[in-house]
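Listed in order, the protein sequences are those of chains A and B.
Be aware that the first sequence starts at 2, since it is given in our numbering, and climbs by one per residue.
Be aware that the second sequence starts at 2, since it is given in our numbering, and climbs by one per residue.
To be clear, the hints were calculated from the coordinates, so they are not data collected in a lab.
The reader is advised that the hints may include incorrect statements.
Copies of one chain are not kept apart here, so a pair can be met inside one copy or by any two copies together.
SDA-like, lysine to any residue: derived pairs with alpha carbons at most 25 Å apart [as the list claims (entries may be wrong)]:
#1 82 to 98
#2 82 to 118
#3 183 to 159
#4 187 to 156
Being a predicted model, the structure only gives us computed values, none of them experimental.
Protein chains: 2
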Amino acid sequence: MSLLGHQHASAENTSLIEVELKFAVSDLDSMLTQLLSFGAQPEPIEDHADTYYRHPCRDFVETGEALRIRRVNGVAHITYKGARLPGDVKMRHELEWCLAPGDAHGAHTESLWELLGFEAVATVKKRRRPYRWNHQGTDCTVTIDEVEGVGSYVEIERVVSIAQAEVAKAEVLSRAHLLGLKEPEKRSYLGLLLDLRRDDEQL
Amino acid sequence: MSLLGHQHASAENTSLIEVELKFAVSDLDSMLTQLLSFGAQPEPIEDHADTYYRHPCRDFVETGEALRIRRVNGVAHITYKGARLPGDVKMRHELEWCLAPGDAHGAHTESLWELLGFEAVATVKKRRRPYRWNHQGTDCTVTIDEVEGVGSYVEIERVVSIAQAEVAKAEVLSRAHLLGLKEPEKRSYLGLLLDLRRDDEQL
Chain A
2 MSLLGHQHAS AENTSLIEVE LKFAVSDLDS MLTQLLSFGA QPEPIEDHAD TYYRHPCRDF
62 VETGEALRIR RVNGVAHITY KGARLPGDVK MRHELEWCLA PGDAHGAHTE SLWELLGFEA
122 VATVKKRRRP YRWNHQGTDC TVTIDEVEGV GSYVEIERVV SIAQAEVAKA EVLSRAHLLG
182 LKEPEKRSYL GLLLDLRRDD EQL
Chain B
2 MSLLGHQHAS AENTSLIEVE LKFAVSDLDS MLTQLLSFGA QPEPIEDHAD TYYRHPCRDF
62 VETGEALRIR RVNGVAHITY KGARLPGDVK MRHELEWCLA PGDAHGAHTE SLWELLGFEA
122 VATVKKRRRP YRWNHQGTDC TVTIDEVEGV GSYVEIERVV SIAQAEVAKA EVLSRAHLLG
182 LKEPEKRSYL GLLLDLRRDD EQL
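Kindly produce the complete structure, drawing on both the sequences and the hints.
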């Protein structure tokens, strides 16, 4: 089961982790109807284009790291996810910041990384619809992602302190149960996209 | 003679180059007095701290590239200088942009580069006093740099289109002559600092 806790690197968040599960959604309309019937509140829709990079002399697949430029409605952010840290809850260092206005669309960062020998692997494009879902006094974020060339997914997430990780896991599982979701998808969207490409190449 | 033209990478500046010469200054007060007597106009003083990085698997000394975080009065900028391009006027690609407000002090960028295997080589600290010097209708920028642990230098610079490079070279040389400056210093401040460190180690 992929209950992944991302430890954030920013000073305010050092003790917070994300506990999240992701599921493929076959009937998007029925999932949206369910969420609304549970009283989930829609938040602004975002268009994401995430370009992932290969390190010039280190295998990110082996180390479990990821480096990307995420463009949210066209505005660029850098994200770095470190190797998984040892421990019970799966945790990793994460850095994320916005490049606007100095490099609002990420063109400088893209040029720099290419000049330094980083290579773009693939771009994952998705339409993200986040919902805030309060159930019996507890908030969760549920996100519907329509991923170009991959399919539709729902992510259930709670951000908590490390001490609350186990309680959050149970809560996330319980929400999945309420939505009738059973088999979590462990692969990242990038992993799914690359697997589909490999399948295509083998046909 | 080090008349270096930096070709800028930003869209507005693709056809502009910097033509510049640098000289060691033994008597700083007399240089400042001379500049003022020529009518040079002081612009705001800046404190720079430039941290240079080593690439994890490429020798920047060999390629002639440079990657740094420059902090101007504490606000972080990335600068990348590419390998020298072939041609008569020495030119190189240059990228520079400000990281504020998303990463105003450069702490995220610093962490990212270190996590990706880039190593800080040295930090060059200087107090920069720029002057705008109009002489017989032509503008030059003259900059007095007090470089910590290295010494005081004056840089004479013009930013022109590639077509005007030769005229700008002559103009920069003529200004140097007016200020009584004779032997240009080809090394960068980083080069000077590292040379001094090597000398110290050999003592």
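Hint check results:
In this assembly of identical chains, residue 82 and residue 98 lie within 25 Å of each other by CA distance both inside one copy and across copies; the values are 12 Å within and 23 Å between. For a Cα distance limit of 25 Å, the shortest separation of residue 82 from residue 118 qualifies both inside one copy, at 19 Å, and across copies, at 14 Å. For a Cα distance limit of 25 Å, the shortest separation of residue 183 from residue 159 inside one copy, 18 Å, qualifies, whereas the shortest one across copies, 67 Å, does not. For the homomeric pair residue 187 and residue 156, the shortest alpha-carbon distance inside one copy (11 Å) is at most 25 Å, but the shortest distance between copies (57 Å) is not.
Violated hints are absent here; each numbered hint is respected by the structure.
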